[in-house]
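So the mapping is simple: the numbering used here equals the position in the sequence shown, first residue as 1, plus 888.
Hints listed in this document are in silico derivations from the structure and should not be mistaken for laboratory results.
Mixed in with the good hints, there may be bad ones.
[Unchecked claim] Restricting the straight-line Cα-Cα distance to at most 16 Å, the calculated cross-link-like pairs of lysine to aspartate or glutamate (EDC-like) are:
#: 1; residue 1: K897; residue 2: E1066
#: 2; residue 1: K926; residue 2: E1047
#: 3; residue 1: K1080; residue 2: E1066
#: 4; residue 1: K894; residue 2: E1066
#: 5; residue 1: K923; residue 2: E1020
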Amino acid sequence: MDLAFKVIKIIIIDLLLSGDNAIVIAMATLRLSPKSRKKAILLGTSGAIALRILLTCAGTILLTVPLLQFLGGLVLIWVTSRLLIDTFSKEAQNANVDSPTRLIHAIKIIIIADFSMSLDNILAISGASHGEIRLVIFGLLLSIPILIFFSQKIAGFMEKYPLLVYVGAIILSWVSAELICSDRIVGQYINKPLQLVITIAIVVGVFVISKIKFYLIKIR
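With the hints as extra help, turn the sequences into a complete structure.
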């Protein structure tokens, strides 16, 4: 009974925490053909989960790394900016780009973004499993079908309703700000009003910088 309760808890945690990651995966694969998108989602998600398992094994070491969440937030800002530039590029070309380079780029973005966002997932699953490594691995492996399902659905909606791409970028920018402001060291110096200012600045800044960078690339 205790085991069943732990498993149910892990499943609920996976469902609750996979949303942001699924948005990244959907945005990263949006410019690919349906066939390549499925391949990128499968390979990128599998690589990301393999990295999560390694990170979980090194969980106690990770917790001692200073500014870890702050750095994760900065990485996610970079990833979101790259995804927005890709979106602007797609709108300019009005076509999907399908090539091995594009596929590898999407897989890399998925793994990097998942790494920057996965600390909360790892800690939550580790806590729910009470250190039982088989349950931790079960929880992480369970993330694969959940992420694949949600990211494909989200990508489909984004293709149908392009404005959702920008909603996704706002959510990822917001998550970046949360990671930065909730860092153990940085968070000591940030109160609620300042956190709101930082969040708005990051959301607006990501869009403005991405648009400027896109135009600079375009006129080269």
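Structure-based check of each hint:
no., hint, verdict
1, K897 / E1066, "violated (24 Å)"
2, K926 / E1047, "holds (15 Å)"
3, K1080 / E1066, "holds (11 Å)"
4, K894 / E1066, "violated (28 Å)"
5, K923 / E1020, "violated (37 Å)"
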